[in-house]
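**Student:** Order-wise, the sequence lines are chains A and B.
For the first sequence, UniProt numbering assigns the number 441 to the last residue and increments by one with no breaks.
For the second sequence, UniProt numbering assigns the number 441 to the last residue and increments by one with no breaks.
For the record, the hints were derived by calculation from the structure and aren't laboratory data.
Treat the hints with care, since some could be wrong.
Ranges of calculated distance between the beta carbons of each label pair, as one might list FRET restraints [said to hold, decoys possible]: (1) D176(B) with E245(A): 39 to 45 Å; (2) I174(A) with D149(B): 53 to 59 Å; (3) D149(B) with N192(A): 42 to 48 Å; (4) R143(B) with D176(A): 36 to 42 Å; (5) K184(B) with D135(A): 46 to 52 Å; (6) G28(A) with K184(B): 38 to 44 Å.
All residues carry an ideal CB built from backbone N, CA and C; glycine is no exception.
Number of protein chains: 2
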Amino acid sequence: MNAVGKMLIGLHLGNGYGSQSGAWRMPGVDPESYTSFDIRVKQAQAAERGKFQFIFLPDGPGAVMTDIETESPVFNLDVMMTLAAVARETQYIGLVATGSTTFNEPFNLARQFKALDIMSHGRAGWNAITSSGEDVAANYGRRIPSSQDRYGRAHEAIQLIQSLWGSWGKDAWIHDQKSGQFAKKDQILPINLQGKYVGSRGPLYIPPSEQGQPIIFHAGGSPNAHQLAGRFANVVIGAAFTIEEARAQRNAFRAAAKSYGRDPDEIKYIAGLMTTIAKDKRTALDRRIQLGGSSLIQKFEYLQKMLGIPLDLSLINEPISESLLENARPSPYDPRSSNAFKIARQGWSVLDILAHGVIDYHPVIAGPGVEAADHMQAWYEAGAADGFWISPDVNSDGIDAFVDQVVPLLQERGLFHKEYESKTLRGHLGVPDQYGIDPRV
Amino acid sequence: MNAVGKMLIGLHLGNGYGSQSGAWRMPGVDPESYTSFDIRVKQAQAAERGKFQFIFLPDGPGAVMTDIETESPVFNLDVMMTLAAVARETQYIGLVATGSTTFNEPFNLARQFKALDIMSHGRAGWNAITSSGEDVAANYGRRIPSSQDRYGRAHEAIQLIQSLWGSWGKDAWIHDQKSGQFAKKDQILPINLQGKYVGSRGPLYIPPSEQGQPIIFHAGGSPNAHQLAGRFANVVIGAAFTIEEARAQRNAFRAAAKSYGRDPDEIKYIAGLMTTIAKDKRTALDRRIQLGGSSLIQKFEYLQKMLGIPLDLSLINEPISESLLENARPSPYDPRSSNAFKIARQGWSVLDILAHGVIDYHPVIAGPGVEAADHMQAWYEAGAADGFWISPDVNSDGIDAFVDQVVPLLQERGLFHKEYESKTLRGHLGVPDQYGIDPRV
């Protein structure tokens, strides 16, 4: 149990196809989803039907990270333009986008996220990250700064942006047509922050939203990430393969929050989960085999390293023999190895082992909805997560499958809310509204 | 006559209230228009009903330039978020926002405008400006660079952004589900531009829109502006008070285009026009008196300087006497002075002279629709403008007044199109589609 009393669920809305690189080729998928805002809106609406607390858009910003010859870019065309479209055509769901503190002017980030907060009536969240990829830096004609400089700038940028968000006081906007007072000038104040990396005088001329101002998210797992999130974030977008790993991460973030004088419950740890939900296990595995295509051969190569045994491609449809498995040594360098070994010992064929998603970015559920519900309940009750961000294999039907086959189980078990109790993201997450500091106090 | 064969009309969509500082207090105006995206969308739809070629959003970015105690900020909350909303709820009208080359990362501008171009199906334009206000620079914790550095960076930024827009070739996106080819990698190429001020490797992972890529606008009147626009722009957002001044500006931009090896017809000069359209002159003047409020007193002070004669506030409802007018010396330092003098000699009261808008940012039409149509026809036929960007006094009813009372007259006179002939901004402006350079040629 966490402070909200129920688990939180977010939808990973990426390139419009889904989390599996073969998603764009699947039957029923519009191959132009990458450029379709209609489809993005429809997917967000599906998540809202499932009462998800938020949708989450990762960003590099702007790198591709795939082989464009056969795969879609992994990121959204533009995360803020997408959320603007979604904001206009949804009512409840929180809208969270990644914005790099490394490659954005803080004033521009502040303005655009606050505008999103206004247009969504208080549903905006900013995933404040640092960018560490040289392919991203190259888009800006630069090299990636040192970790110290990136996090130094991130700390300054978040404080500056939160200050800009609060620079227009809660009750400053009068707009009284009779008296002619538009706003109280003495409650719209410059922030005058100048740091080593960034500065701004302000103020930002945008009044508070229905939740005051956006919420800070962070994604990362390093000690630097713990500190940044511990100081500023209300939500952490996590990545962990086991309950133990997730619980350790969650506790590290909670401890960091405490070290910055905050209540640990103010920070929610959201674990990643990838889903292929189908009526039964066999159907789910077949779907993932269809999705995997040629990438399963690459994964076949790597599976041998994970298990520490040689495998024969011609026997891919056979279980691994008992004698081979006796020699297996799950790699200590990959936290996914023990899961791969466990599934191998259940007697699945090599192809089916791969179809279980033993080699992917997050834990994978490939099976009926109850498997996902059981996984989520186990992690949640073990204190390993306050919630989950879901990456469906294929968005076009994978979001609906989760909404129709997993959400009702979680609701029946009392683990997930049945209705939105609020219309703001802060309301959904149990985070108090935030306004600027009243200069009159 | 210009290259398109008809005049072009754009709507200035600013803070949501209108161009007059008193607009937010007028009857029928929602005092919360500043934060209402519903209202912005409705205003854009009104312009689309009138077959306007584009809406135009100026930006500082982000400064206020008014007395917030009694007036709204002049700019939009965020120009890109507004255009995203408008893009989803209009079908034809072009969408043009100002983006500062001084205070944005070029890659971020490139990505967001191209995403807007995709979501609007080829209706995006970028008004590429340099920022020169110290109040703007203060938002970024910096001082305004020298004019040389600002324009140097602007030249580099526009070339870089156009290159990024063209980095995904016209026919590169295959998305063939059967063959599994997503895109042709050899037609999505890095741009590898590195200048003195900005650089980028790219590519930008966004395919062409229905018009290929966005159009470049520019706003400014200096020799630097002539050069920048002459090199890159298809449209200039102008500001001139007389036919002579506008024609000189237009010719300067055309000459600059020619000096850069372009056909002068490739650059369209769009003059500013502010409108108060009413059933008759008296009603229009009374509306502007109501709108002007206390600001008319400040303008009363300045009118004396423009005319070079002392005026008595107690006689504000009387015409200026013949004997006083004989001593008037219209100020040579303000191009609006001769117009103020002309109106004074027509015998209008001092208050009515002010209500004519003799002191405003652009020429003002306060009267029935035919006055606006006559003004536009005269300027257009004199070669002083290829079109006009209209700033209604109050958006809530001022856009409709223009659409219903001016547009039909222009259409009857054969000066303005009756239907959209295209669905892209390039189509509206007679500018050919633009794609990247095919590396195979």
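**Student:** Any hints this thing doesn't respect? Which numbers, in order?
**Tutor:** When the structure is compared with the hints, numbers 2, 3, 5 and 6 turn out to be violated.
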